[in-house]
Amino acid sequence: MMEMKIVVCVKQIPDPATPGSLDPSTNALSRSGKLILDESDAYGVEMALQLATAAGGGEVSIVSMAPNGEMSGMRTALAMGAARGVLVSDPALAGSDALTTAKVLAAAIQKVGMPDLVIAATESTDGYTGTVPEQIAEVLGLPSVTFAKKVKVDGGTLKIDRQTEAGYDEVECPLPALVSVTAGVVEPRYPSFKGIMDAKKKEIVTVTAADLGVSPVGWSGAGQKVSSVSQAEARKAGQVIEDDGEAFGKIVAFLETLKVI
Amino acid sequence: MTVNNVWVFAQGTNGNPTSFAAELLTKARSLSGNLSAFVAGDGASLAAALGKFGAKKVYSTGDLGGRLVGVAAASAMAAMIAGGNKPDIILFPQNYDGRDTLARLSVKLGVTVLTNNIDIAVNGNEVVATTPIFGGNVLFATAFTGAGPHLASFRPKSFAAEESGGASAEVVAVTVPDAGKTAAAKVTAVHVQETSGPKLDEANIVVSGGRGLGESKNYAMVEELAKLLHGAPGASRAIVDAGWVPYSYQVGQTGKVVKPSVYIAAGISGATQHMVGMKGSKNIIAINKDKEAPIFAVADLGIVGDVHKVLPKLIEALKSRG
Chain A
1 MMEMKIVVCV
11 KQIPDPATPG
21 SLDPSTNALS
31 RSGKLILDES
41 DAYGVEMALQ
51 LATAAGGGEV
61 SIVSMAPNGE
71 MSGMRTALAM
81 GAARGVLVSD
91 PALAGSDALT
101 TAKVLAAAIQ
111 KVGMPDLVIA
121 ATESTDGYTG
131 TVPEQIAEVL
141 GLPSVTFAKK
151 VKVDGGTLKI
161 DRQTEAGYDE
171 VECPLPALVS
181 VTAGVVEPRY
191 PSFKGIMDAK
201 KKEIVTVTAA
211 DLGVSPVGWS
221 GAGQKVSSVS
231 QAEARKAGQV
241 IEDDGEAFGK
251 IVAFLETLKV
261 I
Chain B
262 MTVNNVWVFA
272 QGTNGNPTSF
282 AAELLTKARS
292 LSGNLSAFVA
302 GDGASLAAAL
312 GKFGAKKVYS
322 TGDLGGRLVG
332 VAAASAMAAM
342 IAGGNKPDII
352 LFPQNYDGRD
362 TLARLSVKLG
372 VTVLTNNIDI
382 AVNGNEVVAT
392 TPIFGGNVLF
402 ATAFTGAGPH
412 LASFRPKSFA
422 AEESGGASAE
432 VVAVTVPDAG
442 KTAAAKVTAV
452 HVQETSGPKL
462 DEANIVVSGG
472 RGLGESKNYA
482 MVEELAKLLH
492 GAPGASRAIV
502 DAGWVPYSYQ
512 VGQTGKVVKP
522 SVYIAAGISG
532 ATQHMVGMKG
542 SKNIIAINKD
552 KEAPIFAVAD
562 LGIVGDVHKV
572 LPKLIEALKS
582 RG
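As you go down the protein sequences, you meet chains A and B in turn.
Each step along the first sequence adds one to the number in the numbering used here, with nothing skipped, and position 254 is 254.
Converting from the second sequence to the numbering used here requires adding 261 to each position, the first position being numbered 1.
Just chain A, same shape as in the assembly (with noise of 0.2 Å):
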């Protein structure tokens, strides 16, 4: 048995459940109010868990990256049982591109100290650029196993099933490693009350991209701006009917029409 120490990169988002908009002047995402812990998360803060548990012992910290100093979404990864966490919170990170915010998640990582094992979600759920985790290792220097649907840890090396086109990999990877979980790859707990409570004592320390030494970040950083935003043109709805035991019929005789029985 060895301990290990992992670091979750974890994102804090708008509720999924209410409509996405635009910030008006910059033509990003709107981020403002009240952000949650991306539910893609807490599959790899609980990953994280089971893994130092089954190590033996270890500690789980979490990373993350926000412009306003929002930290509710982390609270909810503390309260799962997360010990620590760095959040980077400046305003100067607003428009930055999914390079910059691997400099600035690589650079959070080492100053929690490298740990054993990086884990991250394949992509998230508000922005889905969906390279960061592979950019993270790539800064770090590490290899990394990406879209991950099993994680074992045996003797140092992780043995992992990664998804594929047609199935699914085994693969070997020695420590310290990034991966990038799927969901459903372990079954999130919910945190208990004395977790909710505990997770308010415990320690987040912020910081600015400066004070991290990544430099230029936000809309100066990225390679990209935005060009235009246009409505998409949008599909109309048809016949909408309540069921009255024979609304079968209606779908047989659609298919019917459309030659495809």
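What the hints contain is simulated information worked out from the structure, not anything from laboratory work.
Do not take every clue at face value.
In the DSS-like style, the derived pairs of lysine-lysine whose C-alpha atoms are separated by at most 27 Å in a straight line are [as the list claims (entries may be wrong)]:
| hint | chain 1 | residue 1 | chain 2 | residue 2 |
| --- | --- | --- | --- | --- |
| 1 | B | Lys550 | A | Lys225 |
| 2 | A | Lys250 | B | Lys550 |
| 3 | B | Lys574 | B | Lys552 |
| 4 | B | Lys369 | A | Lys236 |
| 5 | B | Lys550 | A | Lys149 |
| 6 | A | Lys111 | B | Lys369 |
| 7 | B | Lys447 | A | Lys150 |
Now the stretches of chain A that chain B is said to cover, found in silico as 3 or more residues with beta-carbon under 8 Å [stated by the list, open to error]:
| hint | stretch |
| --- | --- |
| 8 | 63-77 |
| 9 | 89-100 |
| 10 | 107-121 |
| 11 | 166-174 |
| 12 | 182-189 |
| 13 | 223-237 |
Please read these numbers as outputs of a predicted model, since none were measured by experiment.
We treat Cβ as the ideally placed atom computed from N, Cα and C, and that holds for glycine.
Position chain B against the provided structure of chain A, taking the given hints into account.
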């Protein structure tokens, strides 16, 4: 800007490129006639077919010997670019290995990535990529700034594949440099999940089930209906996350994008995540007990009803037709 050199990250097996590769090559040749395919694997076996879609050259790494594609392909590409063979644009498929390669390469080159696109164009001095957001209701166009190569990935079925009638592509062997520790992960076994019937993203009819089915055993109705219609069964993310069906069944933003002639959504409310993957279907039939469900806004035929009542009758009616 003038686009002089474009690469496509292409995949394939048994001499056949994926439909994804054919779609990207078709688009890429409208950007530049000087078009090359990059294959992380045996590119030689794909040369004839890639040439048919306009590739003049195929860069081939040969067998990767168990290395993961992302690190190996990105290292090989970065070495070629450092050596002076610098494309203006590289198009990647939005899939597992495409994403890994694009991400690794962006750090090696210090350039941005634009992902989840459905289109790309050269507008004057700018290369602009377009991605749908908010479930496809808004089109968001982003221009690359700064030096290339410009790295962009695309959703499946963004472009219709058309052959150009080109000759077999010239095969150019490329070496994969030693990527040190970053290449330490190794594939030890490959598992291919056998499926019967048409593939989900190629089927003419797709029948998908969601949480409205109530419990996992009821998914059998979806499978039976799909089989009767010679279609493929699919699923919403909710029931994939719940473990009812494998991830390969998932239709949506983080799953497969399907554009069948007929899409039947059974017990699916129509979360943005799901709609992104099926809104391009020619005809949509939805069955859901909540008449406010967003799925009805895109359905050609919507049935407000209980899937547990409608599906068995529909299956019976189709069976009785023989």
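Hint by hint, here is what the structure shows:
1. Taking the CA atoms of Lys550/B and Lys225/A, the gap is near 43 Å; set against the 27 Å cutoff, the hint is violated.
2. Taking the CA atoms of Lys250/A and Lys550/B, the gap is about 16 Å. The hint holds against a cut of 27 Å.
3. Restraint check for Lys574/B and Lys552/B: satisfied, since their Cα atoms lie roughly 20 Å apart, inside the 27 Å limit.
4. For the hint linking Lys369/B to Lys236/A, the alpha-carbon distance of about 45 Å lies beyond 27 Å, and the restraint is violated.
5. A hinted pair counts as satisfied when its Cα atoms are at most 27 Å apart, and Lys550/B with Lys149/A does not qualify at roughly 32 Å.
6. A threshold of 27 Å between alpha carbons decides the hint, and for Lys111/A with Lys369/B the separation of about 22 Å falls inside it, so the pair holds.
7. Annotation: proposed proximity of Lys447/B to Lys150/A holds, straight-line Cα distance about 16 Å (limit 27 Å).
8. Residue count for the stretch 63-77 of chain A with a Cβ under 8 Å from a Cβ of chain B: 0. That is fewer than the three needed, and the coverage hint is violated.
9. Counting residues of the stretch 89-100 of chain A whose beta carbon lies closer than 8 Å to any beta carbon of chain B gives 3, which meets the minimum of three for the stated coverage.
10. Here the stretch 107-121 of chain A counts 0 residues with a CB under 8 Å from a CB of chain B, which misses the bar of 3, and the coverage is violated.
11. Given as covered by chain B, the stretch 166-174 of chain A passes the check, having 9 residues with a CB less than 8 Å from a CB of that chain where 3 are the minimum.
12. With 3 residues having a Cβ less than 8 Å from any Cβ of chain B, the stretch 182-189 of chain A passes the three-residue criterion, so the hint holds.
13. Counting residues of the stretch 223-237 of chain A whose C-beta sits closer than 8 Å to any C-beta of chain B gives 13, which meets the bar of three, so the coverage hint holds.
When held up to the earlier numbered hints, the structure conflicts with 1, 4, 5, 8 and 10 and fits the remainder.
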